[in-house]
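This is what each chain is made of:
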Amino acid sequence: MEMDATQPIFRQLALRIEQGIVDGTYPEETQVPSTTEFSAFLRINPATANKGINLLVDTGILYKKRGIGMFVAPGARQQLLSSRREAFTRQYIHPLLTEAARLEITPEDLSEMIRSTAADLTTTADTTRSAL
Amino acid sequence: MHVTPNTVPETAPAGIRHTARDVPFGTTSGTVAAASFRAEPASSGGHAADALSHEARPLPAGQPINPEAVISVRGLRKSFGRKEILHGLDFDIPANSICGLLGRNGAGKTTALSILSGQDRATQGEVSVMGREPFEDVETASHLCFARENQKYPESFKAGHVLKSAPWFFESWDQDFAERLVRMFRLPVETKIQKLSRGQLSSVAIVVGLASRAPLTFFDEPYLGLDATARQLFYDVMLQDYLEHPRTIVMSTHLIDEAADLLEKVLVIDDGRILMDADADSARSAAFSLSGPAAAVGQLTEGRSVLHSRRIGGLSSVTLAGQPDAGLAAAAAEQHLEIGPVGLQDLVAAIGSRPTDTVGENAAETPKESR
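If you read the protein sequences in the order shown, they are chains F and C.
The opening position of the first sequence corresponds to residue 1 in the UniProt record's numbering, with each subsequent residue numbered one higher.
The opening position of the second sequence corresponds to residue 1 in the UniProt record's numbering, with each subsequent residue numbered one higher.
Treat each hint with caution, since some may be false.
The calculated label-pair distances, taken between Cβ atoms and stated as ranges, are [unchecked claim]: (1) E338/C to T106/F: 25 to 31 Å; (2) H245/C to A100/F: 56 to 62 Å; (3) P64/C to G24/F: 51 to 57 Å; (4) H94/F to E68/C: 45 to 51 Å; (5) E108/F to A330/C: 25 to 31 Å; (6) H245/C to L103/F: 57 to 63 Å; (7) R180/C to D120/F: 55 to 61 Å; (8) L103/F to P324/C: 24 to 30 Å; (9) G327/C to Q78/F: 32 to 38 Å; (10) P64/C to Y92/F: 39 to 45 Å; (11) H336/C to T106/F: 20 to 26 Å.
What the simulated footprint calls covered on chain C by chain F, stretch by stretch (three residues with Cβ under 8 Å from a Cβ of chain F suffice, anywhere in the stretch; the number is not a length) [what the hints assert, rightly or not]: (12) 57 to 64; (13) 274 to 285.
In case anyone wonders, no lab produced these hints; they're calculated from the structure.
Note that the Cβ used here is the ideal one computed from N, Cα and C, for glycine as well.
Put together the whole structure using the sequences plus the hints.
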């Protein structure tokens with residue numbers, strides 16, 4: 001499994017598990033893979049894998065059932081969604097507005113572009129669905 | 001492996017190692033002559049390691065032996081005749097970790113491992129391995145496996161003989177595991193050791209190193225002569241077996257990118273000195289690169305610790321110690337300079353790319369107390 005070099009690996013593992021919780025791979029109150037399993041599968045040192053998992057225990061996303069393993073905490077998905085929504089403005093809207101300003105696109109033009117692109121995507125999706 | 005004064009080729013490999021992410025400014029074609037890349041020595045005075053963050057710096061000299069560590073080395077010097085190879089090493093290796101001993105050929109990796117395994121004696125300094133002085137110590141030797149491709153065996157030995165005699169030396173030897181490894185690495189057990197290829201000799205070392213399950217296992221460049229598939233097989237099976245049977249593994253390597261993610265601790269050795277001593281996560285964030293028009297790069301890097309820099313035409317790319325602060329990031333964004341990550345391989349190349357003469361001069365200029 002390829003890890004990118006910009007971030008510590010334990011943080012990348014934590015992000016990967018968070019993504020799994022958000023997209024439903026790891027539903028709440030179900031068990032996530034162990035340190036050993038993540039280590040062998042991702043080809044990373046187990047101390048690193050452990051650090052990533054502990055990061056999520058510290059933030060209350062995972063909890064430990066003694067003798068069994070790590071589980072997704074109730075409410076974890078909602079917690080991740082709200083923190084990611086907060087980050088959304090900084091991560092996506094700010095660079096979007098910066099680039100738009102460079103290209104002399106006004107915020108009004110931009111919201112119109114977003115609306116029509118969204119409409120196009122919906123139409124495409126509908127067409128695809130009816131074609132199937 | 002010393003270069004004569006005024007020759008540059010020692011620095012060239014690091015300077016021209018350009019992957020896509022190393023050359024972010026549009027030199028997409030391969031037509032740029034390698035010779036036009038000019039590797040420059042670090043512009044900061046003193047040792048390159050001095051520029052690294054606190055977490056990545058080598059241990060200071062003069063500390064007592066650490067009884068918690070499985071290996072603890074203080075002020076280790078080794079000379080062969082008049083020539084000093086190790087110039088005073090200080091480091092600890094924690095028990096049950098996988099530690100990478102990284103450095104270029106001739107840096108002193110094998111010499112250090114020979115001393116740690118008790119096969120050679122330190123000229124000066126303290127060496128503690130599992131709480132004992134290792135040189136020719138039977139007790140230490142019974143818990144230790146030094147796996148290397150150029151291991152000497154009796155003349156008539158076949159690989160099969162090696163595997164049959166191994167249980168005499170290693171308490172925890174696992175014969176079933178050894179036989180599985182022989183099949184995995186397709187090792188011909190009926191062929192005389194002398195007739196084996198280099199890759200097959202490496203495979204013998206790997207089988208012995210892993211199946212010995214020694215509490216302390218050294219792999220000295222275990223990949224010599226192995227193809228990429230066999231190397232990946234080795235990394236996978238080593239990690240899997242380490243997960244099931246935790247023990248201390250020290251692996252010397254210069255194929256750093258391949259092994260980096262498996263490591264918990266990293267020691268970088270160059271010209272007989274430890275240049276970096278860090279946990280693998282700190283090592284990964286110990287440096288970053290800044291690239292773009294040379295003038296702008298030069299302006300932004302003024303007063304900072306430059307580990308390595310190279311230029312092509314009006315463009316420049318520098319490796320800086322630490323992580324970019326907010327001010328630098330903002331200035332770089334404004335001037336369209338690119339900030340990028342520096343992998344462990346590139347970092348080791350950056351801090352170890354200077355000709356040995358330069359290192360020597362700097363060492364002579366810098367008073368001992370200040371390092």
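Regarding G327/C and Q78/F, is the given constraint of 32 to 38 Å on their beta-carbon distance met? With a Cβ separation near 37 Å, G327/C and Q78/F satisfy 32 to 38 Å, so the hint holds.
Is the distance from the Cβ of P64/C to the Cβ of Y92/F consistent with 39 to 45 Å? violated (53 Å)
For the region 274 to 285 of chain C, count the residues whose Cβ lies under 8 Å from any Cβ of chain F; is that count three or more? Coverage by chain F holds for the region 274 to 285 of chain C (4 residues, Cβ < 8 Å).
Range agreement (Cβ of A100/F with Cβ of H245/C, hint 56 to 62 Å): For H245/C and A100/F the Cβ distance comes to about 57 Å; the hint holds.
CB of H336/C to CB of T106/F, is that within 20 to 26 Å? holds (23 Å)
Whether the CB-CB distance between R180/C and D120/F falls inside 55 to 61 Å: holds (57 Å)
In this structure, is the beta-carbon distance linking E338/C and T106/F contained in 25 to 31 Å? holds (29 Å)
Verdict on chain F covering the region 57 to 64 of chain C, where coverage means 3 or more residues with a C-beta closer than 8 Å: violated (count 0)
Quick check: does the Cβ-Cβ distance between P64/C and G24/F fall within 51 to 57 Å? holds (54 Å)
Could you check the hint for me, namely that E108/F and A330/C are 25 to 31 Å apart, CB to CB? Given a distance of about 28 Å, which is inside 25 to 31 Å, the answer is holds.
Assessment of proposed distance window 45 to 51 Å (beta carbons of H94/F, E68/C): Between H94/F and E68/C, where Cβ atoms are some 47 Å apart, the hint holds.
With respect to the beta-carbon atoms only, verify the hint that L103/F and P324/C lie 24 to 30 Å apart. holds (27 Å)
Going down the numbered hints, you'll see the structure goes against 10, 12, while the others check out.
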